[in-house]
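Produce the entire structure from the sequences given, and follow the hints as far as they go.
Those protein sequence lines, which keep their order, are chains A and B.
Counting from 1, one number per residue, gives the positions in the first sequence under our numbering.
Counting from 1, one number per residue, gives the positions in the second sequence under our numbering.
One thing to keep in mind: the hints can contain errors.
Calculated pairs, DSBU-like style, for lysine-lysine (alpha carbon to alpha carbon, straight line, at most 35 Å) [to be verified]:
no.	chain 1	residue 1	chain 2	residue 2
1	B	Lys-36	B	Lys-85
2	A	Lys-141	B	Lys-51
3	B	Lys-85	B	Lys-51
4	A	Lys-140	B	Lys-85
5	B	Lys-51	B	Lys-172
6	B	Lys-51	A	Lys-5
7	A	Lys-5	B	Lys-85
8	B	Lys-172	B	Lys-196
9	A	Lys-5	A	Lys-141
10	A	Lys-144	A	Lys-5
11	B	Lys-85	B	Lys-172
12	A	Lys-5	A	Lys-147
Sample of chain B residues with no beta-carbon within 10 Å of chain A, all distances over it, derived [said to hold, decoys possible]:
no.	residue
13	Gly-23
14	Gln-31
15	Asn-118
16	Ile-119
17	Ser-127
18	Arg-133
19	Ile-156
20	Ser-201
One side of the interface only, derived from the structure: several residues of chain B facing chain A at Cβ under 7 Å [claimed, not checked]:
no.	residue
21	Ala-26
22	Thr-62
23	Lys-85
24	Gln-149
25	Ala-150
26	Glu-154
In short, the hints are calculated from the structure, not lab data.
Idealized CB from N, CA, C, for every residue including glycine.
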Amino acid sequence: MSVDKRIIVNMGEGAVRRAPAVIASVGLGSCVVLMLYDPGPRIGGLAHILLPNSPVHSSGECGQRYPDNWKRQRGENIAPPDKPVYLYADTALIALFKEMTCMGASSFNIYAMIAGGARMFSEDEPSVNGMGARNIMSIKKLLKREKISVIGEDTGGSQGRSVDFHLDSGRVMVRTIGGSIREIIDNV
Amino acid sequence: MTNNILTPEQFDYLEEMMNIGAGNAATALEQFLKSKFDMCMPIIHAIVPHKAFSVIGDPAQTVTCVKMNMIGDCTGKMFFVVPQKQQERLENIAIHSDGLEIKNSDKSGISVVEEIGNILAGVYLTSIHDLCRLNIYHTIPVAATDMAQAVLDETIAMMSAKSELLIIIVNKFLAAEQDEAIDTYLIMIPDVNSLKTLTDSIREANRLVRG
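Shown next, in the form of structure tokens:
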């Protein structure tokens, strides 16, 4: 696995690749990575999300502003070109999904995994209001709405994470400081 | 390194304020750690928030980070970041210092960094107060040890949509009997509403000084 091409995804970026490849993201605090995977053609996508909602339509509930049939509208612009789509949970999900289906993933087989959303400073306000918890809530709500099942997650807590998403097996390894490595398994 | 928020004159003045702050910081640290410190001229970076790691370095490196809020005339966030290796050296100095009584626990290194962050933040804010006539205070520090990006991303996420300026002060301390300097990063991110207050005060102070 280590010889696979390793793609590093920075804050507010995203990547979609076909196996063999490893998509990695380091230093997740309150940020959340959303990973979508289609085990058939082994196409996976990862987005490093910072914020729960894109500001363009901040008045509505997250995700509501997109027409229900956005999955069928191929090639449509999902955000103004100057707005970074992977920064926000709602636009990131759609961008990943569209790019994966364009590459040949089947929209019925795609499932999701999420990691991140920690609260780094324990003295901060209760986690309900924390950015990490809000990111996770928003992403889960969007996934539920789009009927994409979450098969595993490693979220919350007070430790930063680094994530390696192995596209050949669909496995996700999560590292924290101190060297502990664990795998996101089917735990939901 | 500058961005478009500050003019070169304002940046010069900011640098000047921070240089004065650095002198006071070295004195304060000497008093705190009872150890002789030499301090290099601090390097000031005024950049957009998401470029922070171009200065701090590897986002995955382990750091101890102290977080404070700025309150008063200018509000925002402050961070004091010390990479782990440098933290161990600071801790070492503190342990061998005569004036300090350090309890032997896992958290002692963090509390040393927390206290140094507290002192440095106070010293730099005082120099802003003296030269810009702005009353800025900082809240009680809270510390965490983790990956650099993980401790900063929440603030960068919240600020990136609103704030355009992040000031990083890179301080190099050279303790007596040590060859290598200790790098520390003090980060100030003013809120978008306070940015104008800060830049206006810097401009006004600069005008008064230079006539």
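Hint check results:
About 20 Å separates the Cα atoms of Lys-36(B) and Lys-85(B), which keeps this hinted pair within 35 Å; it holds. Annotation: proposed proximity of Lys-141(A) to Lys-51(B) holds, straight-line Cα distance about 31 Å (limit 35 Å). For the hint linking Lys-85(B) to Lys-51(B), the alpha-carbon distance of about 23 Å falls within 35 Å, and the restraint holds. Among the hinted pairs, Lys-140(A) with Lys-85(B) is inconsistent with the structure: their alpha-carbon atoms are about 38 Å apart, more than 35 Å.
Restraint check for Lys-51(B) and Lys-172(B): the C-alpha separation of about 21 Å stays at or below 35 Å, so the hint holds. Proximity of Lys-51(B) to Lys-5(A) is assessed by CA-CA distance (about 26 Å); at most 35 Å being required, the pair is judged to hold. Only pairs whose Cα atoms come within 35 Å are accepted, and Lys-5(A) paired with Lys-85(B) is accepted, the gap being roughly 31 Å. For a cut-off of 35 Å, the pair hint linking Lys-172(B) to Lys-196(B) stands: about 30 Å separates their Cα positions.
For the proposed pair Lys-5(A) and Lys-141(A), the alpha carbon gap of about 32 Å is at most 35 Å, so the pair holds. Distance restraint check for Lys-144(A) and Lys-5(A): the Cα-Cα separation of roughly 32 Å lies within the 35 Å cut-off, and the hinted pair is therefore satisfied. Using a Cα cut-off of 35 Å, the hinted pair Lys-85(B) and Lys-172(B) holds, with the two alpha carbons roughly 14 Å apart. Between Lys-5(A) and Lys-147(A) the CA atoms are separated by roughly 31 Å; this keeps the pair inside 35 Å, and the hint holds.
Listed as outside the interface, Gly-23(B) is consistent with that label: its C-beta sits roughly 30 Å from the nearest C-beta of chain A, beyond the 10 Å cut-off. Remark: the non-interface label on Gln-31(B) is consistent with the geometry, its nearest Cβ contact in chain A lying 27 Å away (cut-off 10 Å). Taking the minimum C-beta to C-beta distance to chain A, about 14 Å, the non-interface status of Asn-118(B) holds against the 10 Å cut. The claim that Ile-119(B) is not at the interface with chain A holds, since no C-beta of that chain comes within 10 Å of its own (minimum 19 Å).
Annotated as non-interface, Ser-127(B) keeps its C-beta farther than 10 Å from every C-beta of chain A; the closest such distance is 26 Å. Its beta-carbon lying about 31 Å from the closest one in chain A, Arg-133(B) satisfies the requirement of being farther than 10 Å from that chain. Ile-156(B), annotated as away from the interface, has a beta carbon of chain A within 10 Å; the closest lies near 7 Å. Separation of Ser-201(B) from chain A is adequate, the least Cβ-Cβ distance of about 29 Å exceeding the 10 Å criterion.
At its closest, the beta carbon of Ala-26(B) sits 28 Å from a beta carbon of chain A; the interface hint therefore is violated under the 7 Å criterion. A least Cβ separation of about 5 Å between Thr-62(B) and chain A falls short of the 7 Å threshold, and the interface hint therefore holds. For Lys-85(B), the interface hint is violated, since its Cβ never comes within 7 Å of a Cβ in chain A; the closest pair sits about 14 Å apart. With a cut of 7 Å, the hint placing Gln-149(B) at the interface with chain A holds, because the nearest CB-to-CB distance is about 3 Å.
Hint status for Ala-150(B) relative to chain A: holds, with the closest Cβ pair at about 3 Å, below 7 Å. For Glu-154(B), the interface hint holds, since its Cβ comes within 7 Å of a Cβ in chain A; the closest pair sits about 4 Å apart.
When each numbered hint is compared with the structure, violations occur for hints 4, 19, 21, 23.
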